[in-house]
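Participant: Turn these sequences into a full structure, and let the hints steer you where they fit.
Counting in the working numbering, the sequence shown runs from 2 upward without gaps.
Keep in mind that the hints were calculated from the coordinates and are not lab data.
Be careful, since some hints might not be right.
What the hints assert, rightly or not - Below, in silico cross-link-like pairs of lysine-lysine (DSS-like), each with a Cα-Cα straight-line distance of 27 Å or less:
no.: 1; residue 1: Lys24; residue 2: Lys74
no.: 2; residue 1: Lys37; residue 2: Lys312
no.: 3; residue 1: Lys183; residue 2: Lys234
no.: 4; residue 1: Lys37; residue 2: Lys24
no.: 5; residue 1: Lys37; residue 2: Lys74
no.: 6; residue 1: Lys234; residue 2: Lys74
Note that the structure is a prediction, hence the values are computed from the model and not measured.
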Amino acid sequence: MPAQRLSVVVTRRLPEAVETRMKELFDVELNEADVKLTREQLVDAMRRADVLVPCVTDVIDQSMLAQAGDRLKLIANYGAGVDHLDVQTARQRGILVSNTPGVVTEDTADMTLALMLAATRRIPEGLHVMQAGDWRGWAPTAFMGGRIGGRRLGILGMGRIGQAVARRARAFGMQIHYHNRKRLRPEIEAEFEATYWDSLDQMVSRMDVISVNCPHTPSTFHLMNARRLKLMKKDAVIVNTSRGEVIDENALTRMLRAGEIAGAGLDVFEHGHEINPRLRELPNVVLLPHMGSATIEGRSEMGEKVIINIKTFADGHRPPDLVVPSML
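Facilitator: Set out below in structure tokens:
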């Protein structure tokens with residue numbers, strides 16, 4: 002592409018500083034209403050833009066890409082995960098895809114620990130009593146949870162975020178276990194005093210807390226299915242700040258209601274914002290609205306990466322965060 006002001010369509014509102022910088026560099030169309038675009042609106046945007054900047058809620062599949070205009074040359078995703086994008090089809094059509102890796106690692110790991118503490122220490126129940134004005138004072142046996150120090154933490158997916166979770170959990174005195182597509186190097190295992198499990202079934206059955214930190218791919222869909230959830234200890238807790246599709250949400254809900262799992266902390270859900278209503282009713286579940294990366298710093302840095310990817314492309318070079326098939 003020649004160095005020129007590209008036509009860029011942004012599907013949702015981004016931090017103000019990011020949008021301002023984009024308008025300085027490109028011909029930008031912003032979504033002032035901040036309402037999720039329909040499939041038809043996304044296709045229309047792809048027909049008239051050189052660059053599309055979608056986010057995790059914008060599912061772009063093969064049929065939509067088939068209708069994209071010839072001028073679309075880059076999808077600069079605002080986020081690290083790209084499972085909502087058909088990257089293979091995009092590449093076949095000569096459309097590059099970039100993302101924003103590494104930016105949300107620390108923020109998501111912070112939220113993972115927050116959910117662990119909230120679920121094990123019954124924080125939502127305490128908040129509910131206080132907000133309802135029902136607290137009658139301290140009692141020796143009221144709201145007793147469990148400490149996380151000394152507990153076994155099983156991390157499902159030991160990438161950037163999984164390792165950041167392990168680092169924090171070690172500071173709380175937890176024992177680190179993990180299952181990963183590939184075993185980590187010995188020096189990394191030694192840093193966390195981590196135990197590797199080749200068998201996910203064997204790890205799940207022995208852990209006090211399970212932390213889901215793997216991406217959503219065809220091979221990880223319902224990785225924590227009903228059979229595997231039943232392997233968990235009755236007093237165990239599961240936390241998910243990765244992708245909702247990794248857990249069979251209906252099976253998890255049934256087991257939580259039956260007391261077969263002690264609790265859960267969920268920041269992501271299998272069907273986006275359409276959450277199983279029975280899940281909302283449970284006192285032993287902490288539900289958050291996908292807040293893992295929701296810090297001012299993190300969202301701003303994501304925007305900066307998007308800008309760098311677009312500007313590098315506009316200057317005729319390969320975007321630094323180009324998504325390639327080997328990453329999928």
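Participant: Taking the earlier hints as the rules, which of them does this structure contradict?
Facilitator: 6
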